[in-house]
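Enquirer: Keeping their order, the protein sequence lines are chains A and B.
The numbering used here applies: residue 74 is where the first sequence begins, and numbers increase by one.
The numbering used here applies: residue 761 is where the second sequence begins, and numbers increase by one.
The set of hints was computed from the structure by calculation and includes no laboratory data.
Even glycine gets a Cβ: it sits at the ideal position worked out from N, Cα and C.
Be careful, since some hints might not be right.
Calculated lysine to aspartate or glutamate pairs in the DMTMM-like style (CA-CA distance at most 25 Å, straight line) [stated by the list, open to error]:
{"id": "1", "chain 1": "A", "residue 1": "Lys131", "chain 2": "B", "residue 2": "Glu856"}
{"id": "2", "chain 1": "B", "residue 1": "Lys817", "chain 2": "A", "residue 2": "Glu168"}
{"id": "3", "chain 1": "B", "residue 1": "Lys769", "chain 2": "A", "residue 2": "Glu168"}
{"id": "4", "chain 1": "A", "residue 1": "Lys141", "chain 2": "B", "residue 2": "Asp861"}
{"id": "5", "chain 1": "A", "residue 1": "Lys131", "chain 2": "B", "residue 2": "Glu842"}
Interface residues of chain B toward chain A, partial, derived using beta-carbon atoms under 10 Å [as the list claims (entries may be wrong)]:
{"id": "6", "residue": "Thr767"}
{"id": "7", "residue": "Pro768"}
{"id": "8", "residue": "Leu771"}
{"id": "9", "residue": "Ala774"}
{"id": "10", "residue": "Gly776"}
{"id": "11", "residue": "Tyr795"}
{"id": "12", "residue": "Gln797"}
{"id": "13", "residue": "Asn811"}
{"id": "14", "residue": "Arg815"}
{"id": "15", "residue": "Gly818"}
{"id": "16", "residue": "Leu821"}
{"id": "17", "residue": "Glu822"}
{"id": "18", "residue": "Phe824"}
{"id": "19", "residue": "Phe850"}
{"id": "20", "residue": "Gly866"}
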Amino acid sequence: AQSVTQLGSHVSVSEGALVLLRCNYSSSVPPYLFWYVQYPNQGLQLLLKYTSAATLVKGINGFEAEFKKSETSFHLTKPSAHMSDAAEYFCAVSERGNTGKLIFGQGTTLQVKP
Amino acid sequence: DSGVTQTPKHLITATGQRVTLRCSPRSGDLSVYWYQQSLDQGLQFLIQYYNGEERAKGNILERFSAQQFPDLHSELNLSSLELGDSALYFCASSVEGFSPDTQYFGPGTRLTVL
């Protein structure tokens, strides 16, 4: 069965510092991987997704993630944090097939300090 | 605004009762997904419909049921409610209904069972 593990339920960075949110997946076949962001009292919004076209994926708001098969990882990074990046971030995995169901990690809350 | 609408935004009810949550997908999207977000279980996939037919089932309780109507809106019915059913219920929609389709999430319905 597929699963996702997000290391660190809370991450705190200073404004302008590097953001690194960790995600490791478990899958017997090459998966599709996603990062979603949830701002307070809102639904989830897609940041980026890996579809096997390229291992380095660029998303919205300056975020990017690198798929590393050897490490079964899909970590999310942003070079310089903004206060507006404070939110909860979810990594998700989906299998190839005729369903699009997403299996989510537990989420990581990003705090950005001034 | 994702284009996915959910009603009601908040719902407060008592144990043993039955409620119906409604979702309207983005224009042109044929597939609807339901997810439950709770503090102890995180974000969990419940069920997926594609063009009126059930496509995938997740950890959905037998007390819960869903359907997708000819106009593509969907309803999630929760019955014999328990305190543990209190959660945020999200609806998402996508075009094709299989990965790596992007799923667009609605703002959610917050259910409180007293």
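Enquirer: Next step is simple, just say for each hint if it's right about the structure.
Expert: Here is what the structure says about each hint:
no., hint, in the structure
1, A:Lys131 / B:Glu856, "holds, 23 Å"
2, B:Lys817 / A:Glu168, "holds, 14 Å"
3, B:Lys769 / A:Glu168, "violated, 31 Å"
4, A:Lys141 / B:Asp861, "holds, 21 Å"
5, A:Lys131 / B:Glu842, "violated, 42 Å"
6, Thr767, "violated, 14 Å"
7, Pro768, "violated, 15 Å"
8, Leu771, "violated, 15 Å"
9, Ala774, "violated, 24 Å"
10, Gly776, "violated, 28 Å"
11, Tyr795, "holds, 8 Å"
12, Gln797, "holds, 9 Å"
13, Asn811, "violated, 12 Å"
14, Arg815, "holds, 6 Å"
15, Gly818, "holds, 6 Å"
16, Leu821, "violated, 17 Å"
17, Glu822, "violated, 19 Å"
18, Phe824, "violated, 16 Å"
19, Phe850, "holds, 6 Å"
20, Gly866, "holds, 5 Å"
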